[in-house]
Amino acid sequence: MSSIATSPAPSRPRPYRRFLNSALHTRFIHAVLISLLIALNNAFWLGSKKDLFWSWFPLGPAGIKALLFSLCSLCIFFPQIAGLKIGRQTAASPFGMFRRIVLSTTTFWTVFWYLLSAFVFTSVYTWSAPDLAWTIPGGHNAPDMLNEKPIFLRLYTLLLGCAYAGVHLYLGNSSLEIPVSSLPASPNTEGKGHTTHPQKPILAQVQQRLSSAIIRLFGIPTAVMMLAPFLNTFLFRQLFWQTHLAIAKLFNNLSRANARPIGLPPLGPLHLLRCLIAGFLLAATWEVTTILFLTFLGQEPTKAGFPLSSTSKDPNGTLLTGLRAKRDVVRTFAFWELSIIAQKHKDRRKTIFEDIERATGPIWAQISEAGLKILREIDSRILGPPPQVSQSQGSSIVESLPHIVPEIQTQSIFNASHKKSLGESLVGGSLRNLGSSSQPWRPPIEDTTKAVETKLLEYARPPGTPQVQSKSVVEQWVGALQKSPIGWFFTSTKTARINATVLGSPNSDAAVIVDVVDSLTKMLIASLTEDTYGKATPTVPETVRQFTRTLTTIENFVAKNGPGGSGGIEEVQIIIERLRAGLKELLSAFQLYLLDVGLGIADLNQAKKAIEPPKPEPQSSKPIEEPPTRRQLFAKDTQRAQSRQESRRVESSQRSSGLQRKTSNGMNGRQQPRREMEQVR
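To convert, count from 1 in the sequence shown and add 30; that's our numbering.
Since the hints were made in silico from the structure, they are not lab data.
A few of these clues could be false.
Taking lysine-lysine and the PhoX-like style, the derived pairs with C-alpha atoms no more than 25 Å apart in a straight line are [said to hold, decoys possible]: (1) K639 to K552; (2) K614 to K403; (3) K376 to K614; (4) K115 to K79; (5) K590 to K638.
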């Protein structure tokens, strides 16, 4: 019996996120290994100095302490990995950012890991310092006493952890800020292209981030130390004392005299200085950990100079899965890799153009569609989603003939009309619709209360007064709050609104947008010489239309909500420049083929109009008037008095002339009938 030979199903390409995770794990290990040097530094400064050699030698007690201190860095790496994002934080107002941070579960875990890191640091420090033990041993007849020095040290480090957790959330230390570059002044040759994301060496990046970290390193621990003694004395002393006492009773025999703290806390200047030095070292551990994480994980997606997807069995399919990824981290690195391929790797570009035998279509058409989707998202954020009209509703509407005769009333004319009471006139149909609503468990309370409020104001309005549109109580409160001294916290600025709308929110997508524009432009231009089958040319018209549409939309939005300058919207200006330059390059390279491949004349004219730089608005220069002197002011007063007198004289003369005309008209009127009678005679 012959068996039917079936062709094997095409295997799915390996996801791009696996190659990216492998590269990020390698960089993460490098950051962890370097953080061990910081832990060894803490072990040296916070350890015993009786033997100088063993105080720093890794293969000894110092090495064990360093491994324990390295747990503090690992506790900070966890929230950074869990909340990893791309781009700086964008929000329309400071209150919007504050609300997003407070209501996020990431905030809870960030505070938790910082507190755990501070607790581990204090535990290792007190374990290596004999005078910071939990209890003070008594004599032969005296019981052990609870030691309050480690209690204050632990409180201080926990407060420092809360402060640094707030700084972490405010600065967005879990976000990789990939810088975007503006257009180069001169075109570049093959292999030496101007990268979209300029990157300095790792050592230079670390030095650049250290400048601001040093300021925080000395400022935050000092500020917390100034508050910690007061918070310990008036708020947390009893709580921390009872907690430490309950734990110490499990391992020590303590008397009842330790039930409550007595007197003032034994916090001398030397102990406060010791705690402050420990706070500096703990803050340095957190700062260096953050710098290492952001520096190593923000490198370009290459391995030994080649793109990450080059090691895959299906490099193009793997790259396409990254371009279509929903997670912003994977998608950003995938488009970054596509931009690198478009700039430097000619052989890889040819394989993309020649990959046309897939069941889903040519690979370049799918890559181009994934890039244009990013630009359409900008249009939808600015203009809103396009209206969708369902075909079922449109087909169900039947047009009826116009009525020639009005419809006959079915209600009896002998029934007296029902007169509405005061309650019915106030409420109207708002409350009556609650029972007939499709969702009675979710009544429109806001609309109902607003309707009742409006009716009450109309009823209380005196008759004859004009109707003024009243504001709700909430709107009045919001308006008063925005005009208050703290109104800046709730007010949305034009710059913040432009950045949040164009670049996206809650994090900026500037890196993705720049890579999309750059990669599509360079790949299409390279297709003129590298596309053997000519499958990339049909995608040029849609790319030109989308570039034109996005460029026009962004420019109109910025002009409408312009902040009065380019300050604060540098990334938006870079995107506008790149869109204009990319559109200009496409029109110049495909000027002989645009009409043949399907680009209409109207679209071509719009594209040519869009690439023209905006003309600056002419500013009318008005001469600046100098303030009048005191003599001129008095002269003006005299002129005003003279003009008033002249106007009075003219009015009096006009009145007298008017009276004379009236009297003359009256005399003439009397004489006219006499003359007529004489003529008749």
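Hints breached by this structure: Hint 4 contradicted; others consistent.
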